[in-house]
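Chain A is already provided as a structure; the job is to place chain B on it using the hints.
There are 2 protein chains.
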Amino acid sequence: MAECSRCGRSGEALYKLTNLPGLICKDCFITYYEKKVKNCVIKYEMLRGVKNIGVAVSGGKDSMALARVLSRLFPDIHLKLIHINLGIPSYSNECQKIVEKFADENSIDLIIYNIRELEGYSIDSFSKLPYVKRMCGVCGIVKRYLMNKIAYENRLDALATGHNLDDTVETLFKSYLKGDIEEIVRIRPLLPSTHPKLVKKIKPLIEMTERENLLYVTLTNTMHVDVKCPFFKDSRMMKRKKLISMLEEEIKNFKYIFFKSHLKKIQPVLSKVIVEPALRECKVCGMPTIKDVCSYCKITSKMVTVVER
Amino acid sequence: MAECSRCGRSGEALYKLTNLPGLICKDCFITYYEKKVKNCVIKYEMLRGVKNIGVAVSGGKDSMALARVLSRLFPDIHLKLIHINLGIPSYSNECQKIVEKFADENSIDLIIYNIRELEGYSIDSFSKLPYVKRMCGVCGIVKRYLMNKIAYENRLDALATGHNLDDTVETLFKSYLKGDIEEIVRIRPLLPSTHPKLVKKIKPLIEMTERENLLYVTLTNTMHVDVKCPFFKDSRMMKRKKLISMLEEEIKNFKYIFFKSHLKKIQPVLSKVIVEPALRECKVCGMPTIKDVCSYCKITSKMVTVVER
Numbered sequence: 001m002a003e004c005s006r007c008g009r010s011g012e013a014l015y016k017l018t019n020l021p022g023l024i025c026k027d028c029f030i031t032y033y034e035k036k037v038k039n040c041v042i043k044y045e046m047l048r049g050v051k052n053i054g055v056a057v058s059g060g061k062d063s064m065a066l067a068r069v070l071s072r073l074f075p076d077i078h079l080k081l082i083h084i085n086l087g088i089p090s091y092s093n094e095c096q097k098i099v100e101k102f103a104d105e106n107s108i109d110l111i112i113y114n115i116r117e118l119e120g121y122s123i124d125s126f127s128k129l130p131y132v133k134r135m136c137g138v139c140g141i142v143k144r145y146l147m148n149k150i151a152y153e154n155r156l157d158a159l160a161t162g163h164n165l166d167d168t169v170e171t172l173f174k175s176y177l178k179g180d181i182e183e184i185v186r187i188r189p190l191l192p193s194t195h196p197k198l199v200k201k202i203k204p205l206i207e208m209t210e211r212e213n214l215l216y217v218t219l220t221n222t223m224h225v226d227v228k229c230p231f232f233k234d235s236r237m238m239k240r241k242k243l244i245s246m247l248e249e250e251i252k253n254f255k256y257i258f259f260k261s262h263l264k265k266i267q268p269v270l271s272k273v274i275v276e277p278a279l280r281e282c283k284v285c286g287m288p289t290i291k292d293v294c295s296y297c298k299i300t301s302k303m304v305t306v307v308e309r
Numbered sequence: 310m311a312e313c314s315r316c317g318r319s320g321e322a323l324y325k326l327t328n329l330p331g332l333i334c335k336d337c338f339i340t341y342y343e344k345k346v347k348n349c350v351i352k353y354e355m356l357r358g359v360k361n362i363g364v365a366v367s368g369g370k371d372s373m374a375l376a377r378v379l380s381r382l383f384p385d386i387h388l389k390l391i392h393i394n395l396g397i398p399s400y401s402n403e404c405q406k407i408v409e410k411f412a413d414e415n416s417i418d419l420i421i422y423n424i425r426e427l428e429g430y431s432i433d434s435f436s437k438l439p440y441v442k443r444m445c446g447v448c449g450i451v452k453r454y455l456m457n458k459i460a461y462e463n464r465l466d467a468l469a470t471g472h473n474l475d476d477t478v479e480t481l482f483k484s485y486l487k488g489d490i491e492e493i494v495r496i497r498p499l500l501p502s503t504h505p506k507l508v509k510k511i512k513p514l515i516e517m518t519e520r521e522n523l524l525y526v527t528l529t530n531t532m533h534v535d536v537k538c539p540f541f542k543d544s545r546m547m548k549r550k551k552l553i554s555m556l557e558e559e560i561k562n563f564k565y566i567f568f569k570s571h572l573k574k575i576q577p578v579l580s581k582v583i584v585e586p587a588l589r590e591c592k593v594c595g596m597p598t599i600k601d602v603c604s605y606c607k608i609t610s611k612m613v614t615v616v617e618r
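Residue numbers (this note's numbering), protein chains in the order written: chain A, 1 to 309; chain B, 310 to 618.
Just chain A, with the same shape it has in the complex (with noise of 0.2 Å):
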């Protein structure tokens, strides 16, 4: 009978992750992932003068993950969860159910933040417009505004999010194929607060692969959304992440690698020579940016304009 190669029981189910050796008993993989995570933010410097943080949690594996495993190691941390209801119908009210029913049993502070009540249009609204062609960018840039934003309203000392290592591995995959240097430079576990309206952004799940989240998620019942987004079909991401998944079937650690010899050696030194835009306050908002209006302003002027037509 097979047992685990950690504790050595046996009569327990048995999980099988493509970077262990062995298999792994529920117990000890809870343990070994708490432990993984844990070493993470420390190794970083992730909560160095952190009192209270927010955690972004759009209600899906990772994030629900990161909620749970924050909550557990630092009980000491105040943890707020922020989330966004981006207004799509059959979707972000389950979303917001689910974070909900988590903070309540768990008895975790949530802001939940409705774009259509507190900003007059939703990620639907998008959908009409240009951008219908690249819906995930723009969501992404409404959910890193509002959530930076929230953050820094309600004076959190950092914001974290669930990155896991196969986000990253893609973006990095996509980012060294193009060249997109000021993109590579900006991918680390840790962006420090450079505006004093720019809340310092933590990935504590950014060593983790997705599916040790989602096995995370499972053995400690963990709620999480199963549905996927009705706008997302990036099929290009999808493609690179199979791309990236038969490269670790084929090198060992691939992933892990790749990720570890960016972060300790060339980042280090394209980051000497790339200096970062300075930031400034928009001119419509007065929230961070690099030009003269921020993304988010951009992207949503237009959306009016179209709408008041």
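Mixed in with the good hints there might be a few duds.
[Said to hold, decoys possible] If we take Cβ atoms under 10 Å as the criterion, some of the chain B residues that face chain A in the derived model are:
#1 Leu382
#2 Ile386
#3 Tyr485
#4 Ile490
#5 Ile493
#6 Met546
#7 Lys548
#8 Leu552
#9 Met555
#10 Glu559
#11 Phe563
#12 Ser570
#13 His571
#14 Lys573
#15 Lys581
#16 Ile583
It is worth saying that the hints were derived from the structure and are not from the lab.
Keep in mind it's a predicted model, so treat the numbers as computed, not measured.
Just so it is clear, CB atoms sit at the ideal spot from N, CA and C, and this is done for glycine as well.
Relative to chain A, chain B alone:
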């Protein structure tokens, strides 16, 4: 009936290349190939100030394509083929015969350097040493050293090698994955002379694929060795080449895009920070090296020790 996508003629044998749209006939392929190599040589200013070139010829498809195309494109430049007979039984003499026949038929100067006769050992000798597992690496050291020495002693302005796009991308992939910055910075079409005894290196075929070189030697009836070296078994390199071919199938022009992003965007930034180590003269042989004793003297001295025992 199928037509050539360039000249429109039908009734000819047609060829398909993954990086070219449509099918192409023999004459159009040769024109395309030669034009592309010429553009590459001009673009990277490989022949600036060059009156005579050494062409490193092993007898394989890439180096024979190189000798053929350079002799056709630049009739005013004096070519000197350089062939090193590595003393590998049932292989090296075959290679030499092919090169001699080509030089003779095309009236091109040829230097044959027989290491068994001139250096007193053969590549074979290394197979009895601790180097047995990295024969290709050792052979690379021997060839790089001797090719440079021969080019220097013959007062050649440049040494051309048959490195193709597939070789280059394989090296890029390996180096980026390892984060080997010193190696990454060196991957470029032209390595200038940075020491009086170091001859400028040029790679005129760096944008041509293996398949294009093979088709070129085939369609121009250029003789070339078809046998693999008996020591060749770098399974990791072959595996990476297969993975890269697979990526090329999924991402159109992957090899060329990766190479160009490296060369135009990443390499120039890294090279601002990475200072290439200063060259001095080897204490044993006087040829340029970054250490006290050059790699060639180091590996050959070990061999002699073993042989003398």
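Tested hints:
| no. | hint | verdict |
| --- | --- | --- |
| 1 | Leu382 | violated, 29 Å |
| 2 | Ile386 | violated, 33 Å |
| 3 | Tyr485 | holds, 6 Å |
| 4 | Ile490 | holds, 6 Å |
| 5 | Ile493 | holds, 8 Å |
| 6 | Met546 | violated, 13 Å |
| 7 | Lys548 | holds, 7 Å |
| 8 | Leu552 | holds, 6 Å |
| 9 | Met555 | holds, 7 Å |
| 10 | Glu559 | holds, 6 Å |
| 11 | Phe563 | holds, 8 Å |
| 12 | Ser570 | holds, 3 Å |
| 13 | His571 | holds, 7 Å |
| 14 | Lys573 | holds, 6 Å |
| 15 | Lys581 | holds, 5 Å |
| 16 | Ile583 | holds, 7 Å |
The structure shown violates the earlier hints numbered 1, 2, 6.
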